[in-house]
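Protein chains in written order, with my numbering: chain A, 1 to 144; chain B, 1 to 315.
To be clear, the hints were calculated from the coordinates, so they are not data collected in a lab. Among the clues, some could well be false.
Derived list of chain A stretches under chain B, where covered just means 3 residues or more per stretch with a C-beta under 8 Å from a C-beta of chain B [what the hints assert, rightly or not]: (1) 27-33; (2) 37-44; (3) 50-60; (4) 114-125.
Ideal Cβ placement from N, Cα and C applies to all residues, glycine included.
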Amino acid sequence: MGRAQMGRARPVSRQRAAAGTLESEVLAVLWAADAPLTPRGVLQALGRPLAYTTVMTILSRLHDKGAVGRSRSDGVAYAYSPVLDAAGLAAQRMRVLLDRGNDRAAVLSRFVQDLADTDDAALAEALRRLGVHTGADGSAAGRG
Amino acid sequence: MQVDVYAPVLLSLLLGLFAGPVGRRLPPRTAVHVIVPAAVSAAVCWLWALALLVWTAIGQLSYVAGQGHWSRTALHADDPVAGPIAWTAGVALAGAAAVFVTVTARRVRAVWVTRRLAAELCRTHPQELVVLTDDTPQAYALPGRRGHIVVSTAMVKALDPGERRVLFAHERAHLDGRHHLWLTAAQLAGAADPLLARLPATVHYLLERWADETAAEQVADRRLAAQALCRAGLATLRTGASRPIGVALAFPAGQVRARVNALIDDPVPTRWLLIALIALVVLLAAAAAVDAGRDAEHLFELAMRAYRASGGTAS
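Just chain A, same shape as in the assembly (with noise of 0.2 Å):
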């Protein structure tokens, strides 16, 4: 893993890198949820033996980054949502980048793409066969 990280021109200390990562962890467990969560909820979410106290320590932070907002709810701790991107700009500028021209989708690395209707079976007996259950729309059972 080290290896694979050197020669970058991010985040230099061990410790941050880490960090970042937990960061969009719990910043992807917040979209994902249709409710704010408190700290709690979060690493409930999240399913890591985290420390509670490394889960605000995250989730502050991404309030001081302004991706997230707070709210008291009805008890003691806040819960938190992630911002939407208010004018949807981004999301408009990404749209146009991909559709628009094969070079700049070129630039980018995407997780899975070039899927026929045919991988679909295979896609589906391999998740058979790594022993997960699916329900009808691929979703897994119980997520969080």
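Got chain A; can you put chain B on it based on the hints?
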């Protein structure tokens, strides 16, 4: 020179044919580090060989021979390259230059546009993750000064937390490893050398595999990584998101399936013999190219001597 000048052609041919199979027999990170430099070397040698061929033909034009003070007839007599071949090389060289310039220009514009977008994102999003409200499952890495991972809400919701970890680790691997630079190098080599036309697609696949392997290492669970790929693929297919979004390179279908299978299998070991073989072939081709250059130089020297011996009468 007769043989030497064609060695780069042979290298390009071999690389073009075997890059795929070779790439599958090495760990993806190693494969990229071996194949891309080999491809760039092959492209450079190819252009050099073409240039030599063209030069021996141009040198026989009376105007050029007059300017250069060498004997046209001597050059023609000693020239081991037949006229038609040399002129074909000229056409190929001109073609290669045109394609190269076009691809480079398009690439530069593409990079510039994404850089501007990335810079804007850096301002508005001090965190790594950018989530867009979109019903289409999407996830990609956007290289830039800080680098961002862009994901749609549909993709976020399609994956469970563990699978999302894999996704983020995968995209981060692309950013940390500067994969877009490797791909650009491969594309430029493929643009300059038509025998390497399919190489960029192979390199792209290997870069995805490299990111897959890095992600699997980071989450310490290859099966989870495979699972994440399956889930993302199915989500993309089932929400009818297969609208053509435009890809620059033509991939064979089944790329995702191949990646899933590769993650389910054990990691590929480093085959040092294979690496040594490739390095050897590249070195031989480079040596042959240098040798061809020296032969060409010698050829012109003889022609110049003949010119001087005949007292400066160009013939």
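Checked hints:
Counting residues of the region 27-33 of chain A whose beta carbon lies closer than 8 Å to any beta carbon of chain B gives 5, which meets the minimum of three for the stated coverage. Here's how the region 37-44 of chain A fares: 0 of its residues keep a CB closer than 8 Å to some CB of chain B, so the rule of at least three is not met and the hint is violated. Only when three residues or more bring their CB closer than 8 Å to a CB of chain B does the claim for the region 50-60 of chain A stand; here the count is 0, and the claim is violated. Evaluation of the coverage hint for the region 114-125 of chain A: fulfilled, as 10 residues show C-beta separations to chain B shorter than 8 Å, against a requirement of three.
Hints 2, 3 from the list above are not met by this structure, while the remaining hints are.
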